[in-house]
Amino acid sequence: DAGITQSPRHKVTETGTPVTLRCHQTENHRYMYWYRQDPGHGLRLIHYSYGVKDTDKGEVSDGYSVSRSKTEDFLLTLESATSSQTSVYFCAISEAGSNQPQHFGDGTRLSIL
Amino acid sequence: EDKVVQSPLSLVVHEGDTVTLNCSYEVTNFRSLLWYKQEKKAPTFLFMLTSSGIEKKSGRLSSILDKKELFSILNITATQTGDSAIYLCAVEAWNNDMRFGAGTRLTVKP
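Line by line, the protein sequences give chains A and B.
Residue 1 is where the first sequence starts when you use the working numbering, and the numbers rise one by one after that.
Residue 1 is where the second sequence starts when you use the working numbering, and the numbers rise one by one after that.
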């Protein structure tokens, strides 16, 4: 299994509070990604990073920000959580170069009440 | 708009049956198509396809891509209860954007 650790694994919080999810990898892969998974929508890309301090938006980036200050860590922040952001969040990593598949962490289940 | 459509959305079979899962796509700047298996937690990688007509195989699973007709199939022969899972199809573009289908939920009964 790819060395990916997501924390926390579960979180319940209230609307309007800030939330930060962490993805930590031990593979030294260049690319890191954040997805959310909701019933009927599959996985949707939120943001991704192609190196330290290099990030870009995905399909559903509104309401989310990311930071990558070290190769091994990619943080996803909800500045002011809303109930629509209740979801399961997955981090993924991949090596640089073409034909490199993404490998996923075990996910964080986030509930916003 | 880029999209990936999987069919059927769910499927129930008995052990020993053969199943075919479908994935069609409309994605700008196609780079590759990937299949994942998701049981309770993380999606796990099965196949990556980049060229038409070349079958990828792993045990009882196989997959092929048709870039002209914009679809892929995933075949599972002699199904087992351990094959029960959600199978996800994803298409990656050259700008690193990856679009997933909603998945096919496969249930294999003893």
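Incorrect hints may appear among the rest.
[What the hints assert, rightly or not] For lysine-lysine, the following BS3-like pairs were computed, each having C-alpha atoms within a straight-line distance of at most 30 Å: (1) Lys-109/B <-> Lys-68/B; (2) Lys-67/B <-> Lys-11/A; (3) Lys-109/B <-> Lys-67/B; (4) Lys-109/B <-> Lys-53/A; (5) Lys-68/B <-> Lys-40/B; (6) Lys-57/B <-> Lys-57/A; (7) Lys-53/A <-> Lys-70/A; (8) Lys-11/A <-> Lys-57/B; (9) Lys-56/B <-> Lys-41/B; (10) Lys-3/B <-> Lys-56/B; (11) Lys-41/B <-> Lys-57/B; (12) Lys-70/A <-> Lys-41/B; (13) Lys-41/B <-> Lys-57/A; (14) Lys-109/B <-> Lys-56/B; (15) Lys-68/B <-> Lys-41/B; (16) Lys-109/B <-> Lys-57/A; (17) Lys-68/B <-> Lys-56/B; (18) Lys-57/A <-> Lys-3/B; (19) Lys-11/A <-> Lys-109/B; (20) Lys-41/B <-> Lys-109/B; (21) Lys-40/B <-> Lys-57/A.
Think of the hints as simulated: they come from the structure by calculation, not from any bench.
Each hint, compared with the structure:
no. : hint                   : in the structure
1   : Lys-109/B <-> Lys-68/B : 35 Å, violated
2   : Lys-67/B <-> Lys-11/A  : 42 Å, violated
3   : Lys-109/B <-> Lys-67/B : 34 Å, violated
4   : Lys-109/B <-> Lys-53/A : 48 Å, violated
5   : Lys-68/B <-> Lys-40/B  : 34 Å, violated
6   : Lys-57/B <-> Lys-57/A  : 34 Å, violated
7   : Lys-53/A <-> Lys-70/A  : 8 Å, holds
8   : Lys-11/A <-> Lys-57/B  : 39 Å, violated
9   : Lys-56/B <-> Lys-41/B  : 25 Å, holds
10  : Lys-3/B <-> Lys-56/B   : 23 Å, holds
11  : Lys-41/B <-> Lys-57/B  : 24 Å, holds
12  : Lys-70/A <-> Lys-41/B  : 26 Å, holds
13  : Lys-41/B <-> Lys-57/A  : 25 Å, holds
14  : Lys-109/B <-> Lys-56/B : 26 Å, holds
15  : Lys-68/B <-> Lys-41/B  : 34 Å, violated
16  : Lys-109/B <-> Lys-57/A : 41 Å, violated
17  : Lys-68/B <-> Lys-56/B  : 18 Å, holds
18  : Lys-57/A <-> Lys-3/B   : 17 Å, holds
19  : Lys-11/A <-> Lys-109/B : 34 Å, violated
20  : Lys-41/B <-> Lys-109/B : 21 Å, holds
21  : Lys-40/B <-> Lys-57/A  : 28 Å, holds
In this structure, the hints that do not hold are numbers 1, 2, 3, 4, 5, 6, 8, 15, 16, 19, in rising order.
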